[in-house]
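For the sequence shown, the numbering used here assigns the number 662 to the last residue and increments by one with no breaks.
Hint data in this document are derived by calculation from the structure and do not stem from the laboratory. It is possible that part of the hints are untrue.
As the list claims (entries may be wrong) - Label pairs and their calculated CB-CB ranges:
#1 518 - 436: 51 to 59 Å
#2 416 - 622: 37 to 45 Å
#3 467 - 541: 35 to 43 Å
Predicted model only: the values in this text are computed from it and were never measured. Beta carbons: idealized from backbone N, C-alpha and C, even for Gly.
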Amino acid sequence: MRSPIRVMPRGVTGPSVRFGVPVGALGFALLLGAIILAIAGNDPIEAYRTMFDASLNGWKSQSRTLALATPLILTGLAAAVAFQMRVYNIGGEGQLYLGAIGASWVGLALPASTPMPLMLSAMLIVGALAGALWALLAAIPKAYFNADEIITTLMLNFIALSLMNWLIFGSRSFWRDPRRPVPGGKRLPENAVMPSISGRLHIGIIIAVVAAVFLWWLLRKTSWGFQIRTIGDSPRAASYAGMSVRLKTLTVLALSGALAAIAGVSEVSGVTKGLEPVALTTNIGFTGIIVAVVARSNPLGVVPVSIFLAAIATSGSRLQSIGINVEVVLLLQGLIFLTVTAGEFFVTNSVSLARTDATATETEAAA
296 MRSPIRVMPR GVTGPSVRFG VPVGALGFAL LLGAIILAIA GNDPIEAYRT MFDASLNGWK
356 SQSRTLALAT PLILTGLAAA VAFQMRVYNI GGEGQLYLGA IGASWVGLAL PASTPMPLML
416 SAMLIVGALA GALWALLAAI PKAYFNADEI ITTLMLNFIA LSLMNWLIFG SRSFWRDPRR
476 PVPGGKRLPE NAVMPSISGR LHIGIIIAVV AAVFLWWLLR KTSWGFQIRT IGDSPRAASY
536 AGMSVRLKTL TVLALSGALA AIAGVSEVSG VTKGLEPVAL TTNIGFTGII VAVVARSNPL
596 GVVPVSIFLA AIATSGSRLQ SIGINVEVVL LLQGLIFLTV TAGEFFVTNS VSLARTDATA
656 TETEAAA
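Model the full structure from these sequences, guided by the hints.
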């Protein structure tokens, strides 16, 4: 029996639809959150006012939000560049860990007399390479054997987490500080710490924004970006046109892994100041996937979306002070992901009721 609902792909949609649907979905998610808060006996207006005050009202709150947005921008870009080619890198979390491991190794291994610009540059390069190589462990099976990258990148997350935990909690590795009574990483020297702008906010935010602009230019203004988008739309047609789908799969996932790893470099150099597994396992990589989806894989859109989600996340502790469970933060993030995903479906597809045989017969008889 045929379904009464007909789903057809849309043609090219205008900018008002592409921009309006995600914004409308965000508003609808906040409305759903308000309804749930009211059902739970909380005042949604007070809750949202508290969230605003905690995250955006004043420079101190804003700097805290921007500090959290920094790694989200980078992991969001990592997911977005892969999504542009319809390759789904779910391994940003693990690639972030590898970036943190590589960067902290450089920061501890190079002499303390190394000039800060050289030290930070080396940490960024080695961290990015570590993340890119880690991503290639999933890219090679995808490119040569069409292995499911969702499964491989997801499994690599757990391997990377186990490796990081083992380096600090299960071994006497170079990263572990033997002088600490509780297992933890060695503290990075001052020349390996990113300069602070204000409080926890450091120059990593500048690196993240520059990366977003560069990635937008790379995807929109170069032949490489055109090929990536073409392969994402139709791999078979791209292959007939002489584009190397295999090579592009490798390079896209490597670039994606490098961007996620730079988020790890930013965290270990600007926030934790050492390899600290507990502080680094905050699901930044997974939240980056939500960022990319909400931003519709637009690198420039990743920046405001990351700030918006960071604003929600930083308000959790303040919500507890007015008797609202901190889990409402995860609830709102989940609602945003669901509503934007549903909105994306209606952007790319038109839904209508199909005419049944009985309806068609009655119409013809009436005519």
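Outcome of the hint check:
no.	hint	verdict
1	518 - 436: 51 to 59 Å	27 Å, violated
2	416 - 622: 37 to 45 Å	40 Å, holds
3	467 - 541: 35 to 43 Å	42 Å, holds
Taken one by one, the earlier hints fail for this structure only at number 1.
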